[in-house]
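Novice: One-letter residues, chain by chain:
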Amino acid sequence: MNSLMPIFPLVEMSITCALVIIWILQKASPQDFPLALKVTLLVVLGNLFFWPLGFSLELPLVAYVRGMVGDLSIVTTLLLWSTVLLSTKPAPTSFKAFIVIVAIIFYPLALGFGMTDPYAWGYASLPFLIAVLLIALICGLGNWSRGVWIIAIAIIAWAAHWHESANLWDYLLDPLLAIWAVAALIAMIYQKRRDKARSGYLFRAG
Amino acid sequence: MSRVIALCFLLLAAVIGFLHLDSRPVWAPFIDTETIVTEIEAESPLITKVKGSNKSDPIASKPQFNWLPDTGASSVHAASLIALKDGGIRAFWFAGSREGAPDVVINTSALDKSGKWSAPIVVMDRVTAEKGLGRYIAKLGNPVPSRLADGRLQLFFVTVSLGGWAGSSISSVISEDEGLSWGKPQRLISSPLLNLSTLVKSPALQFTDGRLGLPAYHEWIGRFGEFLRIEGAQVIDKRRMSSGRSAIQPVVFVNSAQDASAYFRQTRSAGLAKHIPVSQTQNAGQSWQAAGDLEIANPNSAVAGLTLSNGARLLALNNIETGRHRLVLMMSDPKSGQWHVVDVLENDEALPDDQRKEYSYPYLLSANGNDAHLVYTWDRKKIRHVYLSAPWLENAFNQLPRQSVSESSAAGQEVQQ
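Keeping their order, the protein sequence lines are chains F and U. Count along the first sequence starting at 1, add 12, and that's the number in my numbering. Count along the second sequence starting at 1, add 14, and that's the number in my numbering.
Since the hints were made in silico from the structure, they are not lab data. Keep in mind the model is a prediction, meaning the values are calculated, not measured. From the three backbone atoms N, C-alpha and C, an ideal C-beta is built for every residue, glycine too. A couple of the hints might just be wrong.
Stated by the list, open to error - Here are some chain F residues the structure puts well away from chain U; computed CB gaps all over 12 Å:
{"#": "1", "residue": "I36"}
{"#": "2", "residue": "L47"}
{"#": "3", "residue": "G159"}
{"#": "4", "residue": "R210"}
As the list claims (entries may be wrong) - If you want the footprint, here are the derived chain U segments under chain F, 3+ residues with CB under 8 Å:
{"#": "5", "segment": "28 to 38"}
{"#": "6", "segment": "226 to 238"}
Just need the whole structure built from these sequences, with the hints factored in.
Specialist: Right under this line is the structure:
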């Protein structure tokens, strides 16, 4: 590893990459992986991403991933880590729907549609911080404590300037989170329709 | 119980968040251009040559053309300049086998007091950038130097990890020895979508609190200008300068501590006016409003701007609607606001299309507020440097048509040609 390379962001992304692979393997497997196996896979795969492999690669694998997707938001990172390692209950549907609505409004405006730029609120806007805290509070009132923890950690990470960005949005939302929320909602709707078809409503009792 | 603990933790995060917000600096006014130039109390390179002749004779002090040093690269582009503390000028440009090639490096060379450019050195190559930034970098582009409030040089440059220039982001390096050596690059985060598509072309402005205002632009889904507020190597705020898909590469003229105008390179679709879009701010860049076009032809090519200490403003640009084969210097009297061509620097209009060269990406700098240095891409093969002496500029300024306000409002396009 070159001494110039930033270590912590690469470690964080290496863990994330390893957990994505474990999550995919888990999805493909009929059995639940025990925690010991997950940790072993995490150590092996994480090191594989983190250290330079040589061959014709100038950089470790994780640097190529980071070059493409940048630093993931704290919300995405912690949701993924907790889902794979802690096997917690999935995020509420209302949270996923909220992410989708926010992304649909946020990205076009932030990418140049009109003169209003909601991304700029993430630098130093008190109303925006209050709005984020309210959303976390709603998560708590909705009995989703994990959401409260994740948003609170994201706010602290932003204040501590953990990532390169000084913008709170970058700690809360990223395109992968939005894509995940859309995919999860579509999968849920598909699943409900399939369950409805399987329930044989044509022959149900009248 | 777990919910109570989580909510207590949220309360802690709220307190930390509010404290962080409270520590954010308030938005400061601009430093006027005249204040900036007086900080560098040095004579420009080449001025001795002018003094050696007759200083009051504008013919003798006509624009002096030379070239930035050749690095052997077949393609060069995007030159920029900064004044050095010793009175010299340092230039930056990118060079490689072609624009966007992996072998493109950012070069620098300094113009000493004798009027000679030093041997070029490499500031940044692709591999150094990717090791410093901890991520894969496919190509480098547009270097733009600036000076931090503490006197160090900062070089902003464009990196691309994925795709074409639309996938760009801005990084910066800092030099403590006037550009001879450079520190570790750091990336500026300025876009929420994978930090894609922010580029820089024009010089930064200074705020009174020592922070920088960097005019930047997007050119992916939208093509619009953005004003980044920079602290060190970090974007601490940004404001939109235009919207839509029609204006990039803003050049900002500061009118006063709160008032500034931005001139853009137009990127409009066919059928729309090929003029320079303008935005204005009256609160030191906190908000920008689109103003009417500056009715000077622009063929979707970069514009360079500069304000001299006497208030005269310079523009270097291609004042044609298509092509980049004509490059002119225009000057404006701040009282009338009218622009006039004061010198045609390059002009291939008499040549057939296939023999016309490209003269593009101009960049203007004044070391002392009275003279001007211009660099621009010459047929993508060389970077040309033009020195405009103070007497020559003064003479050009004195020869500007003086009109009454009522006349100037009706002057229109004809005075620009």
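Novice: For every hint, state whether the structure bears it out.
Specialist: Verification of the supplied hints:
1. I36: holds (21 Å)
2. L47: Fine: 20 Å to the nearest Cβ keeps L47 of chain F off the interface.
3. G159: About 9 Å separates G159 of chain F from the closest Cβ of chain U, which leaves it inside 12 Å; violated.
4. R210: For R210 of chain F, whose nearest Cβ neighbour in chain U is about 36 Å away, the distance exceeds 12 Å, so it holds.
5. 28 to 38: That given contact holds, which follows from 8 residues of the segment 28 to 38 of chain U lying within Cβ reach (below 8 Å) of chain F.
6. 226 to 238: holds (count 6)
Consistency with the previously given hints fails for number 3 only.
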